[in-house]
Structure formats: structure tokens, C-alpha cells
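Participant: Residue-level listing of the chains:
Protein chains: 2
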Amino acid sequence: MSKQQSNNIDLETLRHSLSHIMASAVIELYSGVKLAIGPAIDNGFYYDFDFGTATISEGDLSKIEKKMKEIISRNLSFERRELNIDEAVALMKEKDEVYKEELITDLAKTGVTEVSFYKLGEFDDLCRGPHLERTGLVPAGSFKLNKVAGAYWRGDEKNKMLTRIYGLAFASKQELEDYVALMAEAEKRDHRKLGKELDLFVFSDLVGKGLPMLTAKGATIRRELERFIVDEEIKRGYQHVVTPDLAHLDLYKKSGHYPYYKESMYAPIIIDEEEFMLRPMACPHHFELYLSKPHSYRDLPMRIAELAKLYRYEQSGELTGLIRARAFCLADSHIICANPEQAKSEVAGVLDLIDFVIQTFGLAKGGDYSYRLSLGDRNDDKKYFKNDEAWETAENKLREVLTERGDKFTEAVGEAAFYGPKIDVQMRNVMGKEDTAFTVQYDFVMPGRFALNYIDSDGQTKEGIVVHRSSIGALERIMAFLIEYYAGNFPVWLAPVQIKLLSVSDKHHDYCYKLAEELKALKFRVEVDDGNETVGNKTRKAVNEKIPYILVIGDKEVDSQNLNIRDRGEQKTREISKEEFIKEVEGKIKNRN
Amino acid sequence: MSKQQSNNIDLETLRHSLSHIMASAVIELYSGVKLAIGPAIDNGFYYDFDFGTATISEGDLSKIEKKMKEIISRNLSFERRELNIDEAVALMKEKDEVYKEELITDLAKTGVTEVSFYKLGEFDDLCRGPHLERTGLVPAGSFKLNKVAGAYWRGDEKNKMLTRIYGLAFASKQELEDYVALMAEAEKRDHRKLGKELDLFVFSDLVGKGLPMLTAKGATIRRELERFIVDEEIKRGYQHVVTPDLAHLDLYKKSGHYPYYKESMYAPIIIDEEEFMLRPMACPHHFELYLSKPHSYRDLPMRIAELAKLYRYEQSGELTGLIRARAFCLADSHIICANPEQAKSEVAGVLDLIDFVIQTFGLAKGGDYSYRLSLGDRNDDKKYFKNDEAWETAENKLREVLTERGDKFTEAVGEAAFYGPKIDVQMRNVMGKEDTAFTVQYDFVMPGRFALNYIDSDGQTKEGIVVHRSSIGALERIMAFLIEYYAGNFPVWLAPVQIKLLSVSDKHHDYCYKLAEELKALKFRVEVDDGNETVGNKTRKAVNEKIPYILVIGDKEVDSQNLNIRDRGEQKTREISKEEFIKEVEGKIKNRN
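Protein sequence lines, in the order shown, are assigned to chains X and C.
Each residue of the first sequence is one higher than the last, beginning at 1 in this note's numbering.
Each residue of the second sequence is one higher than the last, beginning at 1001 in this note's numbering.
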């Protein structure tokens, strides 16, 4: 995978300059166009135009691109000059650039008295800069216009819809080509696309946005993940519980979550004049469960875990397949610890578990995932609970864990939870983009709010510490990640259908079904294709379904009782005995391959 | 188990007469008491009194009982007479019986012109009768006052709170004693009581009424049940899916559930100005999933199944532990069938599955459970969808299934769902009370509303039929049932802790832990009690926890490497080799014993 973007400031300058060059090209090509804004972005640039009554489609991009190349070849210089606000407004009025005029007027309101303009040939634009010296400095083949979309002026849907033209731009032709190839691969792997192609999940407008429905195949992957993590956690001493998905509003007031999470919670449900909330997190439920009986130091650490269904409000524009949904199921846990030392040892145990889980999926530490120590900010008492000493201890404990494990990590001030610091496990997706996949949080606030106490060996009542953690994250999200990571080629243990039997003709149906029953009895997931088609067609379909093992059953197989296996990704088939095959599949499932 | 109640009409007469005898006794003992109502009930009778400022407690019951016996020994006759409404009102006014006066006034409004009174010595009461001829006919020892409770006049909390005195009454002393013994047993087995004693589930006021939280032990039972039913259903060709617990209100309007279920649904949740409902049933979700792609006759029957979390509003007074909760998880399924004949065969398959499930728990058909065919009513077009022909076909198909299986069944007109007839599996609880545990419904309405169509072999688009069914019912409810059925003595496969190791002294701890690890590696659920107590105390605790296998580990066990087992319910222990023991436990788990 090539690097997605260079941190070089020149790249930003290049992209910004290209946005001006594009605007200049558009003005030369279309009359009466009005300009809005045109910034550099992550992978290139865009510019928002008001084309009036004209419409622009992706078919027009090559024409604009051609004109841009012409402007570049003119090797024009970007000329900066300063105007005072009144001159700038007058200029914009004169040119009838209403959007620019509004921007400058607003700048004036904030006390700005002077603004800069950049001139490029005839094209003259309000702009902070900087820009390249001359258009000739744009590396050959380093950009490409790629998308036309609608965008409201200033992002407000009450305003006019403008036309946004996007371009990709990188430091060289090679980098652009690498990026385009990566994008194509990412698009092929997009879990929303594969989810549809492989029949894993669907949405229904009648059910509602952001509420995925897993088909039998998608639910199979989820069930395998669910049982895998529950069994592994139980093995590691977690106590799996089941608590309700809603609770009285008072619970979230007690926990102090309400003011912080109000915006991402759904509206309350009134039951018998009381207000209930769909839960956005499970910790308060687990604390109430802990409080249902008295505890001694011998009960600690108490690792309360749950596959907790959580509900968070996401704006409809933010919803993204299984990655960002309005309901999801988190493999959650809250570990009640006796003291900071125990908390430290529990955090280490959690990191071990996360290592085990991620490595089961075939990911490697350092490359695919890394650690970030997210710290509080002693100067921000609004965002963080005030207790400098507790923050000091907590942050030190987490730092010690990572250091003693010999793990590399970065530190990020101001990324902590309101109740304490955390270690974030950062994973890279197919696009190379880093995101927080799992977190381990050290919490010294909730124990006080909920009186999460225990009787110590000296007979004294003491307050505990809570470690919040996820292991496999949200099931929906890890599914999305794995769909993209495997490009739908799930390892045998996760594959919704592990084996597909293709009958050569009608007379092989019975044998197919008998064999299918035999394999199903071993808990293998098997399908039979006994359709009225050629084996070639059946094979093509099964290949598209990304089935790990395709077994063609014809006369030879019925006679020899051997199996003719076509492995996923292979063109050739191999012949082995049924017993060998069963042993192989059993081994893969057992070892989660 | 003795019969709970005789169907003999005399029992009702006896109970009703006893309620009058009790009222007469109360009036003799307390001055100024006003009478409300006093009917016969399931296991006896009650009477509601207004004691004015006096309070009555259970301590007063023996005094009232004594007075009742005295009245019985007087062998008074019940004398019936008719009064016209005006005379009756005048009489009640004269006696200042305000409640009776209100009752008679209301009767007058319905057009009644004459009412009957029964006189018993000095006691004179408005009553429809019938009564025993004389008090001497009450069998000796056949009744017992057992409870005092508050009850609002006419059940309306805006009215005055009256005092309700309950009595038990049966045809003979023996029957009363049997009933009292059964009640005591039922009380011991009450899942709410055992749930607390065995640490299976708890409630929290802050979380909310009717929202149980399963502890690790309770969740273990649930998880075993969950995996058992999911695996069994998949084996039987069900496709397990996962759909969201809420949906747009429009979905329930489309299904037509909304007007029928509105009262038992929660208030809507507003998200982006749209109304979402916590789902009270999963069928519409499954239909939307079916509709996500076109289907051919080859896809049918399509058995869509889910462990579906459902939310139903229950009045706070109706909430009963895990039996009646505000959220529960139903092992639900909707089978899309091509035609009535296929639906019939699917219903038979469902009954097979239910047989298998119930018999796994050790229950016997006929004794513990039986079938009821719940029919529609052609004359009730409000309650039932109008389509006489479809009702006829559907009811015949269900009747044929039961007849062909040779199952005994009763028929109940007016017990169907609004969309079709059903077979109810009726189970008896510890008290002998029959209740619907599972249902199989035949639905010819939803396929039309949702256009649940398929392409038949003749190329025509045809409408399917839906079979709605549960297999194990709601997980919470079956848990409650099983807790009571087993009296907490769960079979090994369901027991939250299967094996408990008790160390005789400190020096046996290491061996205990080593052995525990060994057994846990086999996925046995094991606990170690290494507390600083005598083996006798530890054993007593483990016996109270109803652990199937208690293993005492002392010098002898460490030396011999054999195990000393105390089986649940046994006083004596037995010695066997570790290998034999492991084989035994593995066998029990595998065979679900």
C-alpha cells in the first residue's frame, strides 16, 4: 500500500493552486459562473460553483481538465495583492460575485480590515494562499478531476445548491496512479458493496435508516464472532451477563453521562409517566448489577462482560453501512478493580486479549494496528473531571503497562474520556486510514458516583476503580472491517457457506444430498447447487460467492467416493479422500483459519 | 399433584356462601363496617370491607375464622327474597351501606327493576346467589382465611382503598390441606424467590420495573438455552437472521398491527422528525428481509428465524419476575410457504421441533403439555380479518395436522390471532395452572399486505402463506418455567456451576486449582471454594447452591488422584477416577441431562 498523502506542505499548496487553476478553467469555459469556495482536501481539492441554469456532469470533466492543462502550459504566475475590506467588497460587487461578497462582509464583521487576492491571468480570487509561484510547477500527470456533486452554500440546506467539482492531486503521476489503484481496490472491497453482492445484510426504508438487517449469511458471521469472543472471555475469567437495552433516565443522570451524551441519545420513551432511554452505553447497568450484593476484596477483579446492544443517534448523513449505524452490539466489559495496581494488571490482561483477538484475524501489531495513549488535560475542567492526583496516577499506570509490555505507542493530550485516560487500539483500514477500533479506559470517577465499594482484607470499606473495555469492538463494525480486510474471502471458520456441492447432472443429486447431510452433521455449513445448469455456470456462481471449497460431484466422484475440490482462488482442482477433507476442514475451523 | 379445583358447581356455591359467612362474622365483630363485594374465586373467596378508621391485619384472621365457625355451628339458613329497585335502594340508605347503594343504583341504570337479597341471621346482603341451604352444610375444616390486602373500590385507584380478606375453600379438609401443601411447594419453587437465592437475576429501581438483569449465573442458563435452540433450528433448516429492535411506525401501520397492538406498544421515539417504535413483534422485519430480493418456489419454505428482542407495555401491577417483563427475547420464526399444503407440512415440522424441545427438558406430552386449536369466529369481523374461505382452509389444515399426528387437542373458538387460526401448546406450571407456552399460527393476511410473493414453477407470481411460530418461547419465560419446574436443581447441561471443588485445608489449594483448570479446559463450569471454613460449612453452602457435583479435595484425593463426589440430593459420597468422572459429565452435557 502506498502512502496516502505526503505531509509536505507543498502538497497542500499544489492542491490549493490546482483548485484556482480549475476555477480559472471553468470561467474561461462557461460564462456567468459565480465562485463560492475552493479548498485543498485530503486527497486533492474541490471548488463550489454556481452555474446558474446550466448543469455540469462528469462527462464535462475532461473538457475542464484539458483547459486546466492549457492554463498550466501557459506557466502563469500567481500574483498576490492586499486590498482593504471596502475595496474588496466594491470589487466583488462590480464583478457580481455575490458569494465572495458575503464572505468578505462576514470577515469584516470579525474585525478583519484587509484581505488578500490571488490573480492568475484574468482570474482574480479572494484567497489566503499560499500558492505555487507559477502554474508550470504543477507536476505532469499529478492531478485528475473525478467527481461532480451538489453542495449547499455554506453547508446549509436552506441555501442554494451549488455544483462542487472534485479533483485528486498528488506529488507525482506515480503517486496519483497508486492512489487511484488503491481507491479502486477499496471500492471493490467496500463492505456496503460486498455486503449486497454476498447477501450479508440489507436495509429497508420502512424499517429505518441506519438499522441494518443481517441476512442468514451475515448473521452466521456475526454468530461465529459472538461465540468466539464470549467463549474466549469466559475462558479468561469474564462473567458474561445480560442486562436490558433501556433504563430510567435517572440512571444516566446518576452516572453523569446525560449532559455529555445527551446529543447522541434518542428521545426518552414515556412509560407510566416515567422517562426511559435506549442506552448509549452499558456501564451504568453493570454498576447496578455490581451493587445488587455486597462484595469483598476476594471478588475482585470482577470482570462483568456483555454483548451489549447500544443505541446512539447519528445524523442521517453520517450513516455508513455497518460502520456507523444507529444501533449496534458492543462486546463490552467493566472490570471492577480493588486499586490502581490491580487496574494496571487488568489493563495488561485486556491488551493481551485484544492481541489474541486481532491476531486471530491475521492482523499484525505495528503494521495493521498500534497503540495511542489518550490523556486528559489538567487545564480543561469542563471536559475532564477535576482530580489532578487521580489523573496523574491513572496516566502513569497506563504508560507503565505499555512500557513494560514493550509496546510502541503515541501520546495524545485531550483525547481521554471525561472520567479518565485510555489506551486506544488504532487500526488501519483498506484505505490506510487509521481509526480507533478498541479502547481500554481507566475510570476513577464512576466508582465514586455509584459507590462501587468493597470490604478489604483489613475490614475497611474501600472504593474501587473501573476499567472499561471492548475486546472485539462492536460486532457490526468488526464485521464491516473484516469484510473489507478479507475482500469477502472469509476464512473457513467465518465463511457463511464453507462448502458448495455442484451436481454434474440429475443422477448425482442423491449423492450430493447424502454427502451434504453427512457434512452438515459435522456442523459444516454446506449448500447444494442442483440447478439445471452447466457445471461451468455453477462454478462461476460459487466462485463469485467466494466459497472456500467447491466440490463438483459427477460419476467419477460417486464411483470413487473421493472428492474433487476446487479451492477458493485456485483454477485447478485436487482430488482427496472424504476423510482427509473432513480432517482438513475440522482443523481449519478449530484453529480459526 | 392433586387437582387444584373441582369443576363441581357446589364448590362455587360453597365458596360464595363462605364469603357471606365471613361478612356476617366481620359485622358481628366490628361495628360500623361497610360492605362492598364478596365473590367466589379460583381457590376460595374474598370480601371487600370498609373498616372506616380501624385497621385489620393477618393477626386478626383467626378471630374472624373462629366467629365464622360459630356461625356455621348455628346452622343458619340462607333466605332469599326479591326487592324492587326502589325498596332495595331505600333499605341500603337506611343501613348506610353506601357501596351497595351505588351498585344497586348502577343496576337500575341498566334496566334492572328487581334484585335479590340473601339473609343469614342478622346479616342481609344484596346477592345473585345461589347459596348453600344452611351454614351447617359447610364441610368441617374445608376453609381457611389466608390473606389481607388493600383493594380500591371498583378497582379504580381514584376510589377509596378498601380491605380485602381472602379465604381458601375446598370441598373437603383433605383437599384444602393438599392445596395448602401445593402452595407451600410452589412458594418454595417461585422463580423470583429461587432467582434471588441462586443469584440468577436481579432488578434495580434505577434501571426500571419489569427490566430484569441476568447475573453471570442466570446468563449462563440463558446462553445454553440460546445456543441449544439456535443450533437445533439451524439443523432443521431454519435461517437465523439478526434484525433491529426498532422500526419506523409506518412498518406497523403497513402490517396492520398498529391498531391491534397500540396499547401494548411503547410511545414512539422521535428521530429526525420520524417516529420509531420499539418492536412488539418481529414479523414485519422478517417480511422486509424476505422482500429484499425476488424469490422462486425453490426458495420455499423459507424458515426465517431470530432470537428477537421484543418490547411490550405491561402495567406495573402485571409485572411478574421473568414471566411477565417489559422486554423479552423470543425464539421467533416466520416460515414463508408456497401454499396451504406446504404450510400444513411446516406446522407439523414445528410441532415436531416443539416436542423435541419440551422433551429435552424432561416433560411429557399429555401430562405436562397439551394442544389447543384456537379458531376464529366468522361472526366477529371486528376481531378477525374477513375471508371465510381462507379461515375454513386454514382451520382445516391445522385440524388435519393434529389429527394425522394422532395428537389429542381441544378446540377454542375466538382464540385465534386476527390474521388466522393457531395451535397453542398449553403447559401446566407447578401450581397445575395451564398457560399458553408456544404457538404456531397460520397467517393468510400478512402475505397480502406485504406482497410476500414468489415465482412458481409455471412462471406465475403467487402469494405465499406465513406460519408464525415460537419453539422455546421467550427465553426469560422458559427460564422462569424451568427454574420452577426443576426447583433450581438444573440438569448438568444447564447448571450455572456444574462442579464445585472444596479444599479441606490450605495445603490442598494448589491441587484444587490445578484440577479446576483441567476441568475448565473441557468447558465444564467449575468453582473452587478455598475459604477458611470447615468442609461441613462449605458443603452446606454448595448444597444450598444446588450444585450437581460437589468434590471434596483432601489428602486422600491428592494422593490417590481419585475423586470423592457428592452428587446433588445424595448424603453419601462416591469415589471414582478422574477419567470416569470426566466421561460421565461429558455424557450428561452431550445428552442434555
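Check the hints yourself; a few may be wrong.
[Stated by the list, open to error] Here chain C is said to cover these stretches of chain X; the calculated rule only asks that three of the stretch's residues, wherever they fall, bring their Cβ under 8 Å from a Cβ of chain C: (1) 211 to 224; (2) 239 to 245; (3) 457 to 465.
[Said to hold, decoys possible] Here are a few chain X residues that face chain C, going by a calculated C-beta distance under 10 Å: (4) I71; (5) F228; (6) V230; (7) E232; (8) I271; (9) D272; (10) F276.
Read the hints as simulated data drawn from the structure, not as lab findings.
Think of the CB as a built atom: it goes at the ideal place given N, C-alpha and C, for glycine as much as any other residue.
Participant: Which earlier hints turn out false for this structure, listed by number in ascending order?
Facilitator: 3, 4, 5, 7
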